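**Student:** The lines below spell out each chain.
There are 2 protein chains.
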Amino acid sequence: MMPATHGNAGQNNAIICLGCWDQMHVPIPIRGPLALPFRAFGITRSKMNPNICERAFRYVKKQNHVTSNATILFADIRGFTTLSERMDPVRLSNLVRIFHDRCAQAIWAHDGIVNKQMGDGLMAIFNFPIRIADHASAAIMAARDIQEHCTEALDSLKSNLDGLPDHLLGVGVGIHTGDVEIGEFSSFRSDFTAIGGAVNLAARLESQAGVGEILISPATAALATELAAGTEARMLQLKGIEHQVAAQVLLKR
Amino acid sequence: MMPATHGNAGQNNAIICLGCWDQMHVPIPIRGPLALPFRAFGITRSKMNPNICERAFRYVKKQNHVTSNATILFADIRGFTTLSERMDPVRLSNLVRIFHDRCAQAIWAHDGIVNKQMGDGLMAIFNFPIRIADHASAAIMAARDIQEHCTEALDSLKSNLDGLPDHLLGVGVGIHTGDVEIGEFSSFRSDFTAIGGAVNLAARLESQAGVGEILISPATAALATELAAGTEARMLQLKGIEHQVAAQVLLKR
Numbered sequence: 001m002m003p004a005t006h007g008n009a010g011q012n013n014a015i016i017c018l019g020c021w022d023q024m025h026v027p028i029p030i031r032g033p034l035a036l037p038f039r040a041f042g043i044t045r046s047k048m049n050p051n052i053c054e055r056a057f058r059y060v061k062k063q064n065h066v067t068s069n070a071t072i073l074f075a076d077i078r079g080f081t082t083l084s085e086r087m088d089p090v091r092l093s094n095l096v097r098i099f100h101d102r103c104a105q106a107i108w109a110h111d112g113i114v115n116k117q118m119g120d121g122l123m124a125i126f127n128f129p130i131r132i133a134d135h136a137s138a139a140i141m142a143a144r145d146i147q148e149h150c151t152e153a154l155d156s157l158k159s160n161l162d163g164l165p166d167h168l169l170g171v172g173v174g175i176h177t178g179d180v181e182i183g184e185f186s187s188f189r190s191d192f193t194a195i196g197g198a199v200n201l202a203a204r205l206e207s208q209a210g211v212g213e214i215l216i217s218p219a220t221a222a223l224a225t226e227l228a229a230g231t232e233a234r235m236l237q238l239k240g241i242e243h244q245v246a247a248q249v250l251l252k253r
Numbered sequence: 001m002m003p004a005t006h007g008n009a010g011q012n013n014a015i016i017c018l019g020c021w022d023q024m025h026v027p028i029p030i031r032g033p034l035a036l037p038f039r040a041f042g043i044t045r046s047k048m049n050p051n052i053c054e055r056a057f058r059y060v061k062k063q064n065h066v067t068s069n070a071t072i073l074f075a076d077i078r079g080f081t082t083l084s085e086r087m088d089p090v091r092l093s094n095l096v097r098i099f100h101d102r103c104a105q106a107i108w109a110h111d112g113i114v115n116k117q118m119g120d121g122l123m124a125i126f127n128f129p130i131r132i133a134d135h136a137s138a139a140i141m142a143a144r145d146i147q148e149h150c151t152e153a154l155d156s157l158k159s160n161l162d163g164l165p166d167h168l169l170g171v172g173v174g175i176h177t178g179d180v181e182i183g184e185f186s187s188f189r190s191d192f193t194a195i196g197g198a199v200n201l202a203a204r205l206e207s208q209a210g211v212g213e214i215l216i217s218p219a220t221a222a223l224a225t226e227l228a229a230g231t232e233a234r235m236l237q238l239k240g241i242e243h244q245v246a247a248q249v250l251l252k253r
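Quick note, the sequences are listed as chains A and B, same order.
Our numbering numbers the first residue of the first sequence as 1 and each following residue consecutively.
Our numbering numbers the first residue of the second sequence as 1 and each following residue consecutively.
It is possible that part of the hints are untrue.
Claimed, not checked - Simulated coverage check for chain A against chain B, where a stretch passes if three residues somewhere in it have a Cβ under 8 Å from a Cβ of chain B: (1) 24 to 30; (2) 75 to 87; (3) 96 to 110; (4) 124 to 134.
What the hints assert, rightly or not - A short, non-exhaustive set of chain B residues, derived as facing chain A with CB atoms under 8 Å: (5) Pro33; (6) Ile195; (7) Gly196; (8) Gly197.
What the hints contain is simulated information worked out from the structure, not anything from laboratory work.
This structure is a prediction, so every number in the text was calculated from the model and none was measured.
Don't be surprised by glycine CBs; every beta carbon is placed ideally from N, CA and C.
Can you build the whole structure from these sequences, using the hints too?
**Tutor:** This is the structure in structure tokens:
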């Protein structure tokens, strides 16, 4: 049996869990009539990606944690702290909801998972549990979609906020590829995530990204040569990292 | 009916959900024989705090989101990026597990909830859903416990890591009190959290905290005068915040 929709990145209608298939070669129905008995036993689609089931992480749980090569993406709203001081809470929470939803659509369209949301920011993983041959490029394309889809929402806000400089409001993205540890790193909580130096480097890059910028590590750029071609390089001194990092800067189209 | 153990901060054995009681005055059994039928209907104890049930957040869901005065605590391992480059992944993930577990024990002991874990860092909320008369002091006491309980675990690591300067390994904590929006800010995920300027200020303070330091905002210090008495003040210029912030610095005992 072959997963019906696999290979077609971004189809939001996989019939079996793409994660379980890629990790264990087990077909778990998540849509259609065959999914009903599974759902009765609590096997539902994951909130991290609607093309996988919650069971896709069980493979990791059993092994405690696994090392996997993956691309990590961090995104947040630049100027959110400034914004949160000037905006009423209802509009602020609507903004975060819109931002998270548009990010999720972009990440799912390229087979990534939305692993963490913390305040306005979020973290996505590409290449686990759904395997992606070119996960570096998938993450960059998701980042471009994020920038594109969020610009409109943020632009409509700017006109209503007096005295907020343009360069302060927008989205920043950081991307890095490397080996990460995937598992649950808390004994009291089923909290599946990735940790390791590669995760922290991606987070550091994001913190340095200006409005509309996607900062890509040398490792990711080396894997996604087509997408990184012709982009500007920027030398960065990142907190906790001894050597300077030559990030490639992709700008919003 | 009165919650049997309420008022005794940190008892890990509340018979009814302290959150549902404080928010809605509804007694939901979470321990003992009366809890069994509720458990059969999926009402289980929350992973954010074992003295509340998952239902405690339903109050917020129904209202979409609520504004609440709360104290927000951020903690992470200082030097984690450096550490992650020098340590093998298995030991690194064990370290994160130990850190998260000890933080959780300290936060629960003072009636807070562990709301988010992201990489090595975590975010806790005090005063929701369990009401705490002096939530500023509760958060500071939890931070002291975190510093105390994590020192031992991190110290045992230092001896095994050549060339890692002492000042690079330890825990940093940031605390701020203010109005936050509490709810689910994502339409695709049941992801209960707090957002707002107060959350971001707490995160910024934590990012400036050195090893063994607890940085407290002026708002928190003003509420917890006894605990903040005699502490050093430090002027900080925080990203995204126009005016300088006079943080009080509590050191590890």
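**Student:** Take the hints in turn and mark each one as holding or not.
**Tutor:** Results of checking the hints against the structure:
{"no.": "1", "hint": "24 to 30", "result": "violated (count 0)"}
{"no.": "2", "hint": "75 to 87", "result": "holds (count 6)"}
{"no.": "3", "hint": "96 to 110", "result": "holds (count 5)"}
{"no.": "4", "hint": "124 to 134", "result": "violated (count 0)"}
{"no.": "5", "hint": "Pro33", "result": "24 Å, violated"}
{"no.": "6", "hint": "Ile195", "result": "6 Å, holds"}
{"no.": "7", "hint": "Gly196", "result": "5 Å, holds"}
{"no.": "8", "hint": "Gly197", "result": "4 Å, holds"}
Going through the hint list in order, the structure does not satisfy hints 1, 4, 5.
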